[in-house]
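Undergrad: Protein chains in written order, with numbering that gives the first Met the number 0: chain E, 0 to 248; chain V, 0 to 255.
Just so you know, not all the hints are guaranteed correct.
[To be verified] Below, a sample of chain E positions facing chain V; criterion: calculated Cβ distance under 8 Å: (1) Ser88; (2) Arg92; (3) Leu188; (4) Glu193; (5) Leu195; (6) Met202; (7) Ser209.
Calculated directly from the structure, the hints in this document are not laboratory data.
Here a beta-carbon is modelled for each residue, glycine too, at the ideal position from N, C-alpha and C.
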Amino acid sequence: MVEKADLFKNGKRLDGRGPKDLRPLKITAGVLDRAQGSCLIEWGRNKVLAAVYGPHEVLPKHLADPTKAIINARYVMAPFSGQEEHGRSGPNRRSIEISKVAKHVFENAVLVDQFPKTMIDVHMEVLQSDGGTRVAGITAGAVALADAGIPLRDMPVGISCGKIGEHMVVDLDKYEDNLGDSDMPFVILPRTGEILLSQMDGMLSREDISQAFDMIFEGAQKVRNMQIEALKTSYERMATHAAEGGQNQ
Amino acid sequence: MILEQIKQGFIRELAEKAQREDGRGLLDYRTISVQKGFAPNAEGSALAQIGKSKVLSGIKFDVLAPFADRPTEGVVMVNAEFSPVAHPEFRAGPPGENSIELARVVDRGIRSAKVVNVDNMLVSEGKVQGIFIDLYILDHDGNLIDTAALAAMAALKDAKVPKFEDGKIVRGSNAGSLPLKDIVVSTSFEKIGKTIMVDATDAEEIASSGRLSLSTANDSLICSSQKSGSAGFSKDEYMQMVEWAMQKRKDLLAKI
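In isolation and in its complexed conformation, chain E is listed as follows (with noise of 0.2 Å):
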């Protein structure tokens, strides 16, 4: 049983990361077969599975806007993705929640002006959960736009950062989000900096939220770094594929 004192001692964190560590991190793009765009992101426990279809016929028909694709974001969580009991399958209100914030995210970054009349799905499968799934979920999310050949003013960043007692913390975990102060997930896009989600529960001061921004902008670069790689990986394999006479998967 962990306890909120064991979150923080000596400068170190549970799993023995430091204040402005990320856990470890493996993104890999193009992993599905028939969607257009995918990505498994791997985050400390968290497994979370990104599809992108589209862009496509808008359905229901009445939803079309003749100046722009509208997004179709869904994020859930398997029933067995939880530490505790089998939960219930399906979108609840907190996944639904969660969808509407992802798909302003998806909004901004995708250049949906290119796609009148589309419809672009990305779907968001929590399979393991660990703290932070909504933030890893919009981050392959975005990867798997990209995989997709969908153009994107920039790579849209999940991240979420915390408060310990005194001290604030990058990337929170399961026991972290449960028995600390506060959690603020936030997604940012790194090159200009604008903060397209940020939710927050606990109690903040000015100087914390300050700080919160410093400590998530760092990190969000290593992520970004990451799904870069992710999707350069991706592309080497389909070349050396090509290279040699395979047919596309």
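Using the hints provided, position chain V relative to the given structure of chain E.
TA: Here is chain V on its own, set in the frame of chain E:
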């Protein structure tokens, strides 16, 4: 709705000059009013109005099974109803994403600041007090989050805790006011072009590209944040809104 769509350009042009359709400054709220005890059968209630927006909050106590990992803690639940009386685009039916978002944002502010102390709310073995906070949107002219948060807080302040006997609630009884730790208020900002303004009307929200709602628990602490809409905010803009939220807090606080 067509009218509001057509007005977008006009509202954006005004915003560029730091002006608004109704002549307000960018950081001015509309008239705020609160009527407590509006629905006296509820243990607490309040009708909050910001400009023409109206939200009625009702509070009901009940006896519930606790969460498995918190066997003695009371349960607070916030639900929002976007009633079709409030707006031509609201339809009856299961809650949509805007209704769920609003309820959860109001909930997070109240929960983070521990406004209601839920410790030791055991009624009898396996039963705890449940507090239902319902938010009825009755008239929608923008800024529903701030109006709803105001209604919820005023209704909590109005609430009389009933007596609990033999594991049951005694309806109509009064064991005193509900103790509240802090008064939480929400301040929502909309971004129209590059201009940020507080307390937007429905027409301004249609012209807006994004919103940031910040809840304050006192003059120096933010207790919830929610960004909505496609707009991006810079760190400087965000920190400016944090300051403004702390300043505007007193305008709302005076009405609760």
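Undergrad: Give me the numbers of the hints this structure contradicts, sorted from smallest to largest.
TA: Of the numbered hints given earlier, the structure breaks just one, which is hint 1.
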